[in-house]
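Assemble chains C and B onto chain A, guided by the hints.
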Amino acid sequence: MSTQNTQHTDAPNPSATPSPTDTPNLSTTSSLSGEGFTVSYGFIAIASGMMLMGAWVLVTLVLQGIDPQDPHKSHNPPKAAPVPHLAAALPATPTLTNALLSATPGSSVRSLQRFYKQRAYSGAPPHIPHDILEHNGQIDACLSCHSQGGYVPKYNAFAPITPHPTYTNCVQCHVPQRTQSTFRPSAWKASPRPQLRRTALAGSPPPIPHDLHMRTDCNACHAGPAAVKEIRVPHPERSNCLQCHVPRKQVPPFRSLSPLHQRLEKNAPPPTPSPQRKRP
Amino acid sequence: MTISRREFLKNLAIGSALTAASQLIPGVSFAWEKPTSQHGSDITWKKAPCRFCGTGCGLLIGVSEGRAVAVKGDPQSAVNKGLLCVKGYHSIQALYGEDRLKKAMIRKNGQMVEVPIKEALDLIAQKIKETIQSHGKDAVSMYGSGQWTIPDGYAASKLMKGCIGTNNLEANARLCMASAVTGFMTTFGLDEPMGCYEDMDHADTFFLWGNNMSEMHPVLFSRILERKRTHPRTLIIDFATRSTRTSVAADRSILFRPQSDLAVANAICYELFRTQRIDLSFLQKHCSFRKGKTQIGYGLQDKFAFQDTPEITNLDEYKKFLEDYTPEKVEKISGVSAEDIRYMASLYGDPTRNVVSYWCMGMNQHTRGTWINNLVYNIHLLVGKISRPGNGPFSLTGQPSACGTVREVGTLTHKLPKGMVMDPKARKFASDIWKVPYSRIPAKPTYDTVEMFRALDRGDIRFMWIQTTNPMVTMPNLRRYRDATKKQGRFIVVSEIYPTPTTAIADVILPSAMWIEREGMFGNSERRTQHWEKMVNPPGDAMSDTWQIIEVARRLGFTKEFPWSEDKHIEHIWNEYTRFHDNPAHRMADYETLKRESGVIWPYVNGRSTQWRYNTQLDPATKRRNGAVDFYGKPEGKAWIWLRPYEAAPEEPSKDYPFWLNTGRVLEHWHTGSMTRRIPTLHQAVPASYVEIHPLDAKRLNIRHGDKVKLTSPRGSILINASLNQRACPPLGQVFVPFFDENYLINELTLDAYCPISRQPDYKKCAVRVERA
Amino acid sequence: MPVISYLAYPEKQHRATLLAELSAHPYCEVIPAENADVFIVVTDTPDRQTDETVRTYLEQHHGLLCLAMIHGQVEDPQE
Chain A
1 MSTQNTQHTD APNPSATPSP TDTPNLSTTS SLSGEGFTVS YGFIAIASGM
51 MLMGAWVLVT LVLQGIDPQD PHKSHNPPKA APVPHLAAAL PATPTLTNAL
101 LSATPGSSVR SLQRFYKQRA YSGAPPHIPH DILEHNGQID ACLSCHSQGG
151 YVPKYNAFAP ITPHPTYTNC VQCHVPQRTQ STFRPSAWKA SPRPQLRRTA
201 LAGSPPPIPH DLHMRTDCNA CHAGPAAVKE IRVPHPERSN CLQCHVPRKQ
251 VPPFRSLSPL HQRLEKNAPP PTPSPQRKRP
Chain C
1 MTISRREFLK NLAIGSALTA ASQLIPGVSF AWEKPTSQHG SDITWKKAPC
51 RFCGTGCGLL IGVSEGRAVA VKGDPQSAVN KGLLCVKGYH SIQALYGEDR
101 LKKAMIRKNG QMVEVPIKEA LDLIAQKIKE TIQSHGKDAV SMYGSGQWTI
151 PDGYAASKLM KGCIGTNNLE ANARLCMASA VTGFMTTFGL DEPMGCYEDM
201 DHADTFFLWG NNMSEMHPVL FSRILERKRT HPRTLIIDFA TRSTRTSVAA
251 DRSILFRPQS DLAVANAICY ELFRTQRIDL SFLQKHCSFR KGKTQIGYGL
301 QDKFAFQDTP EITNLDEYKK FLEDYTPEKV EKISGVSAED IRYMASLYGD
351 PTRNVVSYWC MGMNQHTRGT WINNLVYNIH LLVGKISRPG NGPFSLTGQP
401 SACGTVREVG TLTHKLPKGM VMDPKARKFA SDIWKVPYSR IPAKPTYDTV
451 EMFRALDRGD IRFMWIQTTN PMVTMPNLRR YRDATKKQGR FIVVSEIYPT
501 PTTAIADVIL PSAMWIEREG MFGNSERRTQ HWEKMVNPPG DAMSDTWQII
551 EVARRLGFTK EFPWSEDKHI EHIWNEYTRF HDNPAHRMAD YETLKRESGV
601 IWPYVNGRST QWRYNTQLDP ATKRRNGAVD FYGKPEGKAW IWLRPYEAAP
651 EEPSKDYPFW LNTGRVLEHW HTGSMTRRIP TLHQAVPASY VEIHPLDAKR
701 LNIRHGDKVK LTSPRGSILI NASLNQRACP PLGQVFVPFF DENYLINELT
751 LDAYCPISRQ PDYKKCAVRV ERA
Chain B
1 MPVISYLAYP EKQHRATLLA ELSAHPYCEV IPAENADVFI VVTDTPDRQT
51 DETVRTYLEQ HHGLLCLAMI HGQVEDPQE
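Residue numbers (the working numbering), protein chains in the order written: chain A, 1 to 280; chain C, 1 to 773; chain B, 1 to 79.
Hints in this document: simulated from the structure, not taken from any laboratory.
Glycine included, every Cβ here is placed at the ideal spot set by N, Cα and C.
Hints are supplied without guarantee of correctness; some may be wrong.
[Said to hold, decoys possible] The list that follows gives simulated cross-link-like pairs (lysine to any residue, SDA-like), each with its CA atoms no further than 25 Å apart: (1) LYS46/C x SER122/A; (2) LYS534/C x THR216/A; (3) LYS81/C x ASP211/A.
[Claimed, not checked] Label-pair distances were calculated between CB atoms; the ranges are: (4) LEU133/A x ARG458/C: 33 to 41 Å; (5) HIS572/C x ASN35/B: 54 to 62 Å; (6) PRO205/A x LYS595/C: 58 to 66 Å.
Just chain A, same shape as in the assembly:
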């Protein structure tokens, strides 16, 4: 950096046209002094500022990528607990005496363990982990929270989005839990949950371990703040999911029921294979 900062800026001597044979004397910093200096301080200040900002953005992004957290976490929300006033106001089934809810809504991140706890088996419709107003005058009131999602302060959680909003008789499949007890003990054994990340090759897109019926809106469970954290997708901006991810178990291919088609299928000759390709 030049120390000659007292020299004022002056246009170079018009008569002193540099000859082509002149090699600029790079060892001196005279060309940087004066006019150049404030600007260069500025540049450096700006540059380092930008570098610092960039570094900060990078770090934040990296951190988010590694550990997707509720953006409100920085406010240190209170530990999840059943909201007391709810328990009193709930129109509980008359025989109930104590607290009702099992999977208490309130922790801010949905975990896979809690996800499965709400389901009798993988693929079953989850039970409703919060109480509902039964007689509320609207059959699809659930969609007011579950069609778009959003933060629900009452439960300190994000409402999960339904992957099948066109089915509007919600309580036909999803029911609340008004007690933890059973009528008689059950010997029910659920089968093991689908394993995650059964990729064919290292780095392959993992196959879909669940059925696609009523679950074609991948973003509803795999992206967004209400997503289950273990299956949150690192690339939600890519929206043609089925281009890379395929179901692992195939259901039998669709069969036409008409007898004509069945007869055709039965008598079909084996497919004509494409010509044998020589290895390059």
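Same frame as chain A, now just chains C and B:
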């Protein structure tokens, strides 16, 4: 069990090749034993109809290592197209309650003792023989179920009517569908609906007559909602005695006073005439008029007898008859405003609207059940909205196979698989197929269900074999019939899967195989027969109801009549049974077709289901093709329009008993809860029964939500918790109690009055007193 | 350690021969279809060269009509 990485990669490679091959060559199969994956989660999916309601959804049951572990809706089923309800999704858990009956039991010195099942079967056969010897054939009886599979019912019918030679065979469908049957028979001459579920995809106006479809046939209701979503012109009219989830979803909820549906139906017909919306040419071509007896009683006395006498009448008399049912007059009886009656009539009469009416227990469990079924048919006949896509009256069935088993096989006192016992031709036909002497099949019906239990009480019946139903919770006026079973000299055999109040009074308990633990078929509301294969083994000594009957029949000496081998008996039974229906109006599909398809509708003709019966374009069984329909169940191809009046219920609210008592179900629980209460998700959603009271009534009686309430009827009383402002709300002066909870036996309060024509009891109307306990 | 699967379509008249010979091959496992003329062939070889040799053998077999490679893992990530 672990596998090496190498093995894993190989299996992966093979799996990909299998997938590729199945895409290239549909239906290809490879001879390869898949090694059990280390996660044990290799699930095979097999089709079955649901175990529960009369919708008959197609399920795919996931089986892994000998257990049912998951359920999917079958996307290839035309009934539900992949959607189920909470009961269907959790149905398989009903197989695994810990107190599942695994061993036969016999009552010895007052205690139930486990015995080898052979010993129990021997005892049953011996008791039948003894009873016949000491009291005659008609002292032996069998009480089955609309949840019986078709082979169960067929074996029972052949044993009782063809072998033992008694018409003492009834089923619990008498308590749920009998009025629907007599409604069909008196109006059309043939049982079962003329339309199918596909009507929902073509209709734009849905009338629900006294049924809470959102909870009782939820998957069908979702189809209606989907129709509404895609066709905004669609209207849903909920016509009911109380406000339910269905009312909330409907476009209009119209409440009527119990029993006054008779008057309102007539008023709608009056309006149709007044506004000249009648299809006169349809009426003249395809309908004739009848009137029957009035003041026909309520079946409250033992051995109540009634025989209707149809009298021919005409259009003018019908119009005169309807003058008593102007909307203004009916408003006074029913509480339905004249404007609402005119509104309903305008929808039925609107030529641009395709109208379907659905009903179930509100119209069937009714002391004038046959009449109200006739009257709703009248409405559709007057406007010609019947037997064509998107139009028609549709009687929904409650149970999964009340149609398939009880009605089509004919497990009722007066029925044979084809025709009625009173008809010599029908008896001859049965004796030919069954290869039994003609004289053995008795010609006179004996008892319907209520009368059968009354006969047990009196001692005219001494032996009863109960299968797949829980009468000690469901019989109306329950105390009398429970006491009857405990009397001396009564021998009761109960085939069940779990301990229930009915097994509690049994002398012999047989453990039954449940649903997918044996091969079977069900027939649903829309005449669709569905087959399933055996998928898992029953526990312990449990045996299918069919095989129990066969074992006892052989011990009674009927080995010729029940010759089939255990592994093929269902197929053989199906082949023999379908011979009864081998005619154009009722032809059934063959065994291979049933196994392959997710269900087919009868008449099944030339590989095609007949979806709309009586339609001259779409039903190959029609003969008179000069009009839109041929009601070939009646002699001239004309349906009968019945002149049926309003008559009051036998027990109405009074000074001492000022409330109507209504009973029914909830979405989560099936019937008496013996299965669904053992499914944790369902029990935890609705753990106990309750009484619904209107909040203003409750306030007046100083009752709050959750308070203990005493309900008293002339027959008994019960203590039960109050439910205010929950999923349903009765009007003032009415209470509702669901009957799924054996801790609250509400049928101790109900009345065993019935429709004299169908003999079906009315569970929806009796009188009670409500007090804070 | 290549593990590769193929769909192999035999010439109609040589189906049995192809099946027998491939089944006898030390590095091949064959799963015939029950209701179509196609086999699944899985090769499991110790190294790339052997894999090449086996593939050439398959392709040039007189009873083979068509060979389609479906799935393979050639490199063991730990190698």
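Going through the hints against the structure:
| no. | hint | in the structure |
| --- | --- | --- |
| 1 | LYS46/C x SER122/A | holds (17 Å) |
| 2 | LYS534/C x THR216/A | violated (32 Å) |
| 3 | LYS81/C x ASP211/A | holds (15 Å) |
| 4 | LEU133/A x ARG458/C: 33 to 41 Å | violated (51 Å) |
| 5 | HIS572/C x ASN35/B: 54 to 62 Å | violated (27 Å) |
| 6 | PRO205/A x LYS595/C: 58 to 66 Å | violated (38 Å) |
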